[in-house]
Structures are given as structure tokens and as C-alpha cells.
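*Asks:* Relying on the hints, combine the two individually framed chains into one complex.
So the protein lines, in turn, are chains A and B. Using this note's numbering, read the first sequence as starting at 1 and increasing by one per residue. Using this note's numbering, read the second sequence as starting at 1 and increasing by one per residue.
What the hints contain is simulated information worked out from the structure, not anything from laboratory work. Among the hints, a few may not be true.
Claimed, not checked - Derived SDA-like pairs: lysine to any residue, alpha-carbon spacing no greater than 20 Å straight-line:
no., chain 1, residue 1, chain 2, residue 2
1, B, K122, A, I11
2, B, K209, A, I11
3, B, K305, B, A439
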Amino acid sequence: MAMNQPDNFDIQERQKSIRTKGRQSQPINCQADSIAGCVSQRACVYCGARVVLNPVTDAVHLVHGPIGCASYTWDIRGSLSSGSDLFRYSFSTDLREEDIIFGGERKLTRCIDELAERYHPQVMLVYSTCIVGVIGDDLEAICRKASLQHGIKVIPVQSSGFSGNKSDGYRVACEVLLRMIATPEDVPRQAHHLNYLGDFNLAGEAWIIRGYLQEMGIHVNVAFTGDSSYETLRTAPTASLNIIQCAGSMGYMAKRMQEIYGIPFLNISFLGLEDTVESLRRISAFFGDPLIASRTEALIQREMAIYGPTIQNYRRRLQGKKAAIFVGGGFKAISLIKQFRELGMEVVMVGTQTGQPEEYDTIHQLVSDGTVVLDDANPSELERFMLEQGADLLVGGVKERPLAFKLGRAFIDHNHERKHPLSGFTGAANFAREVEETVCSPVWKYLDK
Amino acid sequence: MNAQKDRVRNVNENPCNMCMPLGAIVPFKGIENAMVIIHGSQGCATYMRRHMAEHFNEPIDVASSSITEKGTIYGGEANLRQGLDNLIRLYNPRVVGILSTCLAETIGEDIVGTASVYQQEKGHSPVPRLVPVPTPGYGGSHAEGYFKALVSIVATLCRKTRKHDGINVIVPHISPADVREIRRILELMKVNYTLLPDIADTLDSPYTKVYKKIPAGGTPLEAIEAMADARATIQFGETMDDDLSPGNYLESKYGVPLHNLPLPIGIEACDRFLALLQTLTLNPVPEVLQKERGRLLDAMVDSHKYNREGHAAVFGEPETVYAISRLLVENGIAPAILATGSAKGHLPYLLQQLTAECDEKALIMMDSDFADIRRHCAGKGINLAIGSSDGRLLTEREGIPLVRLGFPIHDRIGGQRILSLGYTGTIMLLDQITNTLLAAKYSHYRQDLYQRFYPDRPSSMEQ
Ligand code: SF4
Ligand code: SF4
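Chain B on its own, in the form it takes in the complex (with noise of 0.2 Å):
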């Protein structure tokens, strides 16, 4: 077993991941017409929302429950209910997220007791549906917190009613760039089907005369109801364990069948994305899809004699990484260094299936940090990175150019808009691999060689 628990070490040294909470508020903003509130002291929210507005480029609105020293002692029901009243006022939601927070739930705080008793009471009035999700920091890592919402909204919003030919796709955290071409897929594909999260538009909101506090878009609750009835669920989601996996909760309880895909970035999980689709539909793959298929073995064949020097390292959520995985090994750019901040479900195994082959070893590290991830490149001959901007002094100390892709991207405009996913997608991200590869190449290789074979080079030219 290569998949190390590196963590012989106590402490944290330059994180992999954030927070149980930050993930669970993502799924929220792609509800449409939804708000969150986090149960806990003002800071966390604050903080979460600063992270996110940096990456997006969006304004983030979450609201806290504020809880002081008081509340901490006496407890701090009352202020959720509060938040609650006060955020209704303010944004008139349809659906509203209480997610909790490590100081919440240390005290004792019972989120979904104080929300079904506020539902109840409040009965007589519009009151938004209440999705509460517990998600202590602690718990778990961004990643987890993401699917733990889309289970809790699932579990709570869903309720069947009447059969439908409609077919539910749920995605894993991704950009909303993303979201938006697996939707043009679906369109393509002619799918009538229901996308969770949508953050097509909401965290990548077009400029309008008038500004909206929620902006508009993101799946409607109506749609999100009536998943439980779908044909069948398509989820981004295999490295999930099951208690985290929406699709797996729609199959259990209402026996809507589930398609487990790896996110469609490179050609066969593309291909495997477009075979479902057409089993499901009965419909044609049409020609423009076609034709980016043919663009991108193309691609592929053109650059693959570049990527064959890549040595990668890889981090970010588990999915993600999977699917980048993927990408490489079909490139035949080693997959040297494999790494996540999360501590739980089938990566590993996943990725120790998908590497068997390689000629390299690949080393898959969980639960890890950037500690770790720098020290093992370090020694490796590592000369890519690609993940978050968190991986930013891999650049800085090691001289590993990175490719920015994932969450969060602080240090760079666009996060929102890294197209990376479907065929044309995996071309653009597979090209940026690279001319990554190539760019470096270019600013050293003349050094280089006069280095490795000019025999009269003066001695003090050596480096």
C-alpha cells in the first residue's frame, strides 16, 4: 500500500485544505434563490467569505449567528433564530443553509432541532425551506463538507410525487465554467435533466443594470424536489464514501439509479460521460461534439511527445485530483505525487488502480499538507505542479511552475472562469500543461547544454 498517511508529524505546516463549512456553503450558492447562515462566532463566516469572494470574483453573502461569549456559555439557539429573522428580512430567500461551525458544535448547538421547531412555528408566514447541514470544521475538510450539503439538501428538499423522464446530474465542487459546458453537453445531448449544484451563473454572475443580493440563476427548488423521481442520477463523485454521496442517497431512498462518472476531463471519462449519456437518451452524439473529440486526440497526438517529460505533482479535493490523474497517465505524463488535504474515502484506491501501470511509482498522499507535498518533490524531479494557488511556494522555493486549477485561486483574476472539463476543455488545460512543460524548457535549455558540454566553459559559469 503507497498510500501514505504522511502524517507522522502533529502539526499542520501550509494546509491542503480549509474547512467543513467554507465547502458546504458552495452547494447553497447554487441553489436558486438560497442564502446560508453559519451557526457559529462571526470570524469563521467572515473569513470563509473573504476566501471565496477572492477566488470568485463575486461578492460572497453568508451570514453568522454571531455567537459571543454569552452564547457560548448559555448557548446560542437564540441567536440563530435571530439570524434567521433578520436574514429573511434582508434577502427573502426561498431556501435557506444553516451550516455549523467547530465552536457550535463543541457547545452542544443542535441545528436541525432549532430549525424544524422554527419551520413549525413560524408556519403561518412564507418561511424559506431550512436545509440544516452540521459540518464542524474539524470533521472534515472543504471537500467533504461540499457533498455532506448536497446530501442534507437532498435528503431534506426531495419528495417524490409523480415519475419523470428527467435525468439528475450532480457535480463535485468545480468552477462554474465547468458547470456551464456540462450543461452545453446536456443541451447538446438533449437531455432533459436537473444539475446540482448550479453555480453556472451565481458565482460567475453577469454584469446587470441592477444589482441582485442573490443573484439570479442556480437550481430551482421545484427541480430539486423532483429529483426524487428522476430516470436515473449522473454524479461526479467516486472518490466519495457513500454517506457523502448525494447519488448514492436518491438511489437508496427513492431507487433512482446511479451513474458514478470521474469528472469528464480527458478523453475516456469524456467518452464514458458521452456513452451514458446516449444509452440514456437514445440520442446521437451530434457533430460539433464530435469534432471536439477529433480536436482533442489531435491535441494529444501533437503534444505527446512534451508531456512525456512531465513529472507531476497534483493536489487539491479528491476528485479533482482523480480526474487530473486520469488526464495525465492518458498523456503519459508521470503521476509522480498525488495529494489531498482530505483524510477519507476511495481515492487511494482509485488512484493506486489508475497508476498500477505506470512506470513510475506514484505517490499517493492523504490528509496531507504542503509540507509534505514540497519535501517529496523536492527529491523527485518533479517539474509540474497542478492544482491551487495554495501551491504558490512550490513555484517560489522549488521552481515547479503550476498550473492554477481547483479552489481557491487568489493570486491570479479568474478562478471563476478556468474552463478545464468536456473535450474542448480538457484541450485548453491539456495545452497550458504543456506549454508549462515547453515555457520551462525554452528558459533553460541553452544553459543547460552549454553547461552539461561546453568543455572550455571558465569555471566560474558553474552554477
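In isolation and in its complexed conformation, chain A is listed as follows (with noise of 0.2 Å):
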């Protein structure tokens, strides 16, 4: 019982941002700035704004500043295009010495000029980086002139990474979104259209929901943004409705575009089946037209007929594991809480990196007692409570998984590398599967826990 305390831990900066349910009453502290020295996992502004622009397909993403932050972000994401490819590319202005001394912004002149003439894009999206922000290069002034001479958007993307953190970058990638869809006159609605947001086409997810929304007979103008383009992204304001499933990325996105735009905004959630059938429910009611209603019952039916069974089969299976959570946002952790609940697996600690005090009321609620409920964890704290709470399993990022394999535990990567979807009916097996697959293989029972 005192084990689970968190009390008696190091840091006494940390205490606030770990909670155990029934336990203590106070709420979590969050979207604080990380403690030094305690090896956060979070990452910047940049990553944040990145992870939000780069699907988008046919953009030149040029990364202003040295060369680092322009490596460590290339190509390592699964999101999927069905035209260009040119978003797979790394492009920075990969800045010395002298350009520290002397600024950036003649180099970064030249880039963008180089780049226009070789890839001709119609958007170019520039991002700071940390240094950019000290330096002082005007990199509005440079993207509006090169936008004049190339006669293609030029976008300054203000992402320069001690600004904040990952979410902080998530609104910056939406005020360029803004931006970009940004029309002088009045645009038409269209009836059964429309965005469909914080979707990253990871594995194909937004092909697959698009898919769904067809048969019920509703178009998807674009996705915020998986295989977005400049064209598609462009046709947004048309819609009559926004979706959102990663309100974490996106839900300033859907407010901002309420009030430019007057789209009304649905928070939906395509992961696992209880929400994505509740989620397609809620779409179809929206447009309240029968024959949308019909289509979509039907839909539900045949899906469900076909991924029930299968999820109930490793139901069986998984029963009483235990799982720990360690995402980036509020979102992702309160699906996957509702996720381990449909095959029947308990959550003993829930983690993020950036989640929101209404998302940690969220998840405060879903939880049973005595689970630790953290923001911002560090290793240490999630070796300690992974052991503690006898977790089976932690779903994490690519840092994680490592940690989570010394210690024994099954992981499931829930992180922008992964290659199979885990959206819609489809998606909800594949990561039941997933679970199966780590938690029941043989090899844990070498290790003689």
C-alpha cells in the first residue's frame, strides 16, 4: 500500500504531476514547463509543428537552422501519400558557424530559391528552429519576398523549439493551416462535405475512414492533413462539418475555422470499435438525412459482424492483463483507456506528454482506483510504476519500447513510425491483435519475470 505512494520519490518538483486515483485529491499538474535534468521525454515546438504540417504531400519542408533538427525528423513518420512524394524529403538550410555570426537569412534566400526552381511546389513551408529565434533572421519579411518573385506560397513556420512544447507547435501548424486555406471571398457550403481533422494518414487511416464516410454517402474535402495537398487543403472552407479526432493537434484548428469560417465542429474518435461506431453514428446524425442514417447502420452492421467476433476471440485471451499507457496526448491515452477496456484489460498507469487539464479529467474518470495517473514522466517514474502497478504491457513512442522490453513488459507502438492502421473496425483488430501478439508470445516466459 505505501509502495504505491508516489510521495517518497526524488524530485520533489515532480510530486505535483503524479497522481494516483483515490488517493490523492488535487489536480494534476500539467502543461508546465519540464524540470531540468529529469529526463523528460517531451519534445519542442518544431516536432510538434512538424508532426501536424509534414503530410502535407506536395509542400517543400524546408528546415531553417543547423542540421540536426532537419536529420532527426526525416522520413521517420508512416504517413501515406496517394500522390506526391515530395514531403519524404529533408531539406534545410543547414546552417555554420558563419551563418550564426553573420545570419541566416542570405542562405536561406538562396535555398528557397534553389528549391523553387528545382521542385516548382506551390507551397513552401519554412520552419525556425531554435537558433533562428536567437539569430533574429526576419523570416517573415524573406518568405513574403520570395513568395512575390516565385509566385508560390512561401509560409514562415514559427516553430523555434524553447518556445514552448510539442503543443505549443500544434497551434503554430494550424495558424499556417489558416494560411493556407485562407480565401478573399465568401466560399459555398456543400451539403454532405466535409474536413476531416487531426488524422496524419498513418498506415492509411484517413483512406480508411474516408472510405467509411463515402458509403454513408458524406465526401471528405481533405484530411488534416494525411495525404493532404496544397489543391485539397484548399478546398476546406466548402465543408459543412469539421471532425476531429486528434483534438490534441487540432481542436484550435477546428475553433479558429468555426469562426472564420462558420463550420461547426464534431470531437469524434475512429479508435477502437465502441468509438468509431459511436463516432459514425454521431456524423450520420449530424446531416440527419435517412438515407445517410440507413447507410451507416448498415455499415456498422457488416463491420461489426465481421470484427466483433474477432475482437471477442482475443478478448478471451487478454482478460485481466494489465497495461500502462505513455503517449503524447490527452486524446490517444483516453481511446486506448477505452480500447484495453473493450478486450478486457485493466489500465494501471496513464501517462502523457502534453495532455490538457480536461483531458486529465477525462481520463481521471475512466480510471478505476489506484491508478497512477502522471504528465510529463520520465524513465525512472515509468520503470518504478510499470513495476508497481504489475503492468503487463505499455503502449508508448519509440523511446519507450526499449525500456518497456529491459523490464520485460509487452509494448505496443502507438507512434507515428508504425506501419499497420489502427483506425476504424479494421484498425481496432489490428491493435487487439497487436496486444495479442506482444502480450501472449513465448518468449516472456524465458525471462522468468
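*Replies:* Structure, rendered in C-alpha cells:
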């Protein structure tokens, strides 16, 4: 019992960010800066902006800064494209010592010129990294000039890493997207058209959802930003609804689009059978069209007939196992808690890098007493709570995977590198299979925990 | 001069290198009970950890001083000090590497000064030895960062006490499996040695029932201190400038004679390594190693005809590129494109010497990126690429098969276990190279010959 109390933990300041449901009542401390030296798993503003914007397939993504920031983000994500693959290339101004001293503006201009000439993109996104914020290059002015000169959109992404964390980067990305879709005049709304926000088409996930909606008689103008292009993004203002999957990254975008274009939005989730069914029904209800409603029910019935029993099968093998979650945002954590419940599994630890207070409230309501909830955890905490809480499995990103394995725990990659879809009915089945594959692998018995 | 500085253009397209602090993390991971903190904003540290975790399949704990907007204006010293406090509390290390980033250097942080003040102030309680290494990302590639850290490590930690007959062995950025092989050879030769940095167990740690935050293994602090009094240094670092050569430092500061060798990949380089060990220890080469040598010769003969059909592009860190190029030349594989993302060092000169006699002129590219490499591959009939996973587009777009080696390996498992040096490692690598050429041949030759010679083929078959 006493073992479970996080309050004998080493770093005093971290305690506010760790809560055990049923033991402490104060709300969790989140959205604070990471504490130096604690080995935070968080990333930077640039990372957040890049995650959201990178799937714009036909854009030139030019990173203004020293080479590392570009190296570490080159083609590491599994967003798929049906068209251009320019987004898989890493472009960097590769700033050197002399550029730091004399400023990087001239080099940046030359890079933009070269890229405009070689690739003729319609849009170029110029990301600023930490030192650009310090040496004071005027990105805005350079991009404005280059836009005029080349007759394309050259848009600065003000993503200096130190100016916040990943979720600030999401917001920066949204501002850029708003600039990209801006139309001078009013555009007519199209009745059964919607935009799908917060899906990056990892392993074709946006395609799966687009397929469902098409079958229901609803057209997806564009997904933000999975498999999007300059042209398709420009159609966004004509939609009559925005649906948001990843609210952490796109909630702001939806609010702004409502203000500017009057487009209403719905928070949905296509992770897990329960959420998928409910989300499809809510979308259908929004349009209030009986034809759509009947197609939706037919779709749900057909898919549930296929995947319902599959999931039940896995559930039988997984019932009672314990899961730990450490992911980037709150939306994903919430969906995962529900998905584990579908599999009969208990969630004993939940954490995020940058979850928001409301999301932590929801998490708190969803989990049972004794579950540890923590924000911006570090490896020591992950280790400690995985062991103390007896987790059989961890869901996390690349950095967390080897830790789970060293602790002899199963692991689910819920990151942007994955090569199989986790959305929709088929994705729910993939998820269940992945959980089964890792938790029930024969290798664990040799570790003799 | 055919070493070309091929960057007439400004933009770097698909980078062939990473930044200095990433390279500097590795040597610290090869010191017993050591930790690293990166002075800069949180993102850099996280990206580097992610990159390394994927390659090594190991947890890579690296702290950050997490500089925020405030820090960039008022200075980040307080962050760094707090970072040190916390990391010492969490990890209780004996050695802490302090690395800087572009941001820290640009805002004028003095990590050397901060480290010495911190060490003095906290002198009463056990403070780990601090090793500051200024590593602005823009100052060089990860390869330079690696050696720069090593120079700082020996400069900060070594001290002269009493001469001993041990031998220092300093290795470049090679895999943990490679480090283990070097250790095995040293042990077979009965050498009394200190190997730095020793990532054999720390970055490829065995599964144990109880997890240790800092994995067991690594070069012990005392052993590093004593490197100043060693009888000799063997360093596999011919490509680095003197100021990035820890062996040079030990020689000029403490008079430890330096033997700089190429990495023992290929028969000649392995022979040189063993000959030197023989001279230094007067021990004979044991039968096991002699047999391994014989097997390598046998393997070279077995595959020599296939190898002559190889036209290779090699890319990676200078020391590796040099060693692999030597292997290619020995085996009659054309070293057609030899590229690195590093901009400095002796590599161009060494490669020119090496390839002077080759039938085909080698293209030597410093400071290059994959756009360059790919462009040149297209025109040169390249049928083999050797280097890290970052060369994957050569396969995807140009159909050139890639033998994976070096850092990072992120689209395959087991980057930490790739063995390619010593006689045995060379055999494994050479077989893999030959088999890659053979695999391509088997998958094409029927079609190729049909296309070329069958007189009555329908024109629709033409590709
Ligand atoms: S290049 Fe500089 S700023 Fe970028 S990741 Fe490396 S150290 Fe950080
Ligand atoms: S320099 Fe800044 S933008 Fe680049 S990786 Fe580091 S924190 Fe992120």
C-alpha cells in the first residue's frame, strides 16, 4: 500500500504531476515546463509543428537551422500519400558557424530560390528552429519576398523549439494551415462535405475513414493533414462540418474555422469499435438524412459482424491483463483506455507528454481507483510505476519501447512510425491482434519474471 | 584533386550526417556509471535519444537542461545547475558529460565555467566528475562530436601518477558487437589494455532480471585516469584532425606513443593491428586467430570473381568509410563513390592514396548529402551501396541494394549487433556484400539475357 504512494519519490517538484486515483484529490499539474535534468520524454515546438504539417504531401518542407533538427525528422513517420512524395524529403539550410555569426537570411533566400527552381512546389513551408529565434532572421519578410518572386506560397512556421513544447507547435501549425486555406471571398458550403481533422494518414488510416464516410454518402474534402495537398487543403472552407480525431493537435484549428468560416465541429474518435460506431452515428445524425442514417447502420452492422467476433476472440486471451500507457497527447490516452476496456484489460498507469487539464479530468473519470496518472513522466517514473503497478504491457513511442522490453514487459507502438493502421473497425482488430501478439508471445516465459 | 566539395548549392537535401552532440553522447555511454546532460532546449535531447534508442534498441537516458524562452534571454546557467542537481539525484553517476547545443552556444553559455564552479561549490558532497564538451550542432557532424567528446574526456580525467605497462585502445564509433570483437582479439593476444569508450555492454546490454538505469559495463573512471601513464595508445582514428584525436592529446601531453591505425576491417588492416599487438606484447598470434585469418583468405578467394562485378557507393562516418573502402579495394570491388557528411579531416587524402591505382576513378565526396550521392549513383552503374539505413532511398528509388552498416540502422533490427571487423567480422561482412551482388544477379539474369539475346521476342516484352 505505502509502496504505491508516489510521495517518497526523489524529485520533489515532480510530485505535483503524479496522481494516484482515489488517494490524492488535487488536480494534476500539467502544461508546466519540463524540469531540467529530469530526463523528460517531451519534444519541442518544432517537433509539434512538423508532426502536423509534414503530411502535406506536395509541400517543400525546409528546415531553417543547423542540420540536426532536420536529420532527426527525416522521413521517420508513416504518413502515406496518394500523390506527391516530396514531403518525404528533408530540406535544411544546414546553418554553419559563419551563418550563426553573420545571420542566416542570405543562405535561407538562396535555399528557397534553389528549391523553387528545382521542384516548382505550390507551397513551401519554412520552419524556424531554436537558433533562428536567437539570431533574429526575419523569416516573415524573407518568405513574403520569396512568395512574390516565385509566385508560390512561402509560409514561415514560427517553431523555435524553446518557445514552448510540442503542443505549442500544434498551434503554430494550425496558424500556418489557416494561412494556406485562407480565401478572400465567401465560399459556398457543400451539403454533404466535411473535413477530417487530426488524422495524419499513418498506414492509410485517413483512407479507411474516408472509405466509410463515402459509403455513408459523405464526402471528405480533405484530411488535416494526412495525404493532403495544397489543392485539397484549399477546398476546406467549403465543408459543412469539421470532425476532429486528434483534438490535442487540431482542436484549435476547428475553433478557428468555426469563427472564420462558420463551420461547426464534432469531436470524434475512430480508435476502437465502441468509439468508431458511436462516431459514425454522430456524424450521420449531424446530417439528419435518413438515407445516410440507413447506410451508416448497414455499414456498422456489416463491419461489426466481421470484427466484433475477432475482438471477442482476442478478449478471451487478454482478459485481466494490465496495461500502462504513456503517449503524446490526451486524446490518444483516452481512446486507449477505452480500447483496453474492450479487450477486458485494466489500465494501471496513464501518462502523457502534453495532455491538457480537461483531458486529465476525463482520464481521471475513466480509470479505476489505484491507477497512477502522470504528466511529463521520465524513464525512472515509468520504470517504477510499471513495476509497482504490475503492468503486463506498455503503450508508448520509440524511446519507451526499449525500456519496456528491458523490464520484460510487452509493448505497443502507438507512434507515428507504425506501418499498420489502428483506426476504424479494421484498425481496432489490428490493435487487438498487436496486443495479443506481444502480450501472449512465448518469449516472456523465458525471462522468468 | 577529385575530392569534391560538391555543395555549390546551399540547401542540404536528405542529410548524410547528424549533429555534434549526438556523436558526443556515445563515448559517455561507454564510460562506467556515466550520464549525460545536454545544455539546450528539450527538443534536441529528445530527438537524439529517440534516434539512438531506435538504433541500439536500448533505453538511452540523456538529460536536458530544458532551456525555455526565459533561459534564452537571461541565460541558462540556472537551468544547467538545476539539471545537474536533479540528474545526480536520479542517477547517482560517477561521471557526467555536459554537452552544449547550437542554442546554448549561440546565447553564449559557458559550460566549462559552469562545470568548474559547480564542482567546486559542491566539493564537500560526492559530486561526480564533470566533463564539459562544447558541441554546437552547427560546428560539425556527429563524427566530430564523438571524437571531440573523447578528447575532452581524456583531457579532463586523465592524470599522471605511475607508469604502467597497459595499452590504451581508442575506438571510433563502431557497434557494440565490433567493440566486443576488438576486446576478444586483445584478450586472445593477452594484452593488458584499457579500451575507450567501451559500449560493448552498455549499448547492447544483456537482459537481466533487475533493470539498472545505468547499465553495467563501460570503461571505469580509474582506468581512464591511468591512460596518461600507459605504455602506448592504439587508436583507430586515422581520419581525424589532430585536435580531434585523443591519441594525439595523450602523446603530446603525457608522452604516450600513439599508433594510429585504420579500423581492422579487411585482411591488411587486421594484419597491421595484430602485427602491432605482437610487437607491443611479444606474444605470438594464437592458433585461433591464425585459423580465422586463413578462413578470411579462403573466403576472399571463394568470392573474388563475384566481387569484381561490384561497383559500390559507400557513405557514413569518415573512419568507417575509409575502412570499408580498403576492404573493397582488397577484394576488387570498385570503390566508385565514397561519401561522408563530415566536412573535415584527412579522409580525402587517405582515400586518394588508397584508390590511386584503381581502374575506375573514385568519386570522393565530403560534406555531402543523399541528393548528391543519389545523383552520382544514377550515372555510374552502381550496383551496391554500403552504409546506414539513411541510404534507403537508393534502394527505393534507384534499385541499388543496401548493405546496412554504421549508424543509424532504424529500419531493421539489431544495429547494435552488426559485426564487421576482425578476421571473422570481415568474413561476415564480405559474405554479405558478395551475397547482395549474387542476389541481384539471380533475380535479374534470366530476364536480362532474354532481353538481350532472344531474337524473336515480341516487342511488348521490351522494357
Ligand atoms: S543541430 Fe543544434 S539545434 Fe539542431 S538538434 Fe543538433 S544541437 Fe540541437
Ligand atoms: S534546436 Fe530547437 S527546434 Fe531544433 S530540435 Fe532542438 S529544440 Fe527542437
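*Asks:* Give a verdict on every hint.
*Replies:* Hints, one by one, checked against the model:
no.	hint	result
1	B:K122 x A:I11	holds (19 Å)
2	B:K209 x A:I11	violated (26 Å)
3	B:K305 x B:A439	holds (15 Å)
Violated hint: 2 only; the structure is consistent with all others.
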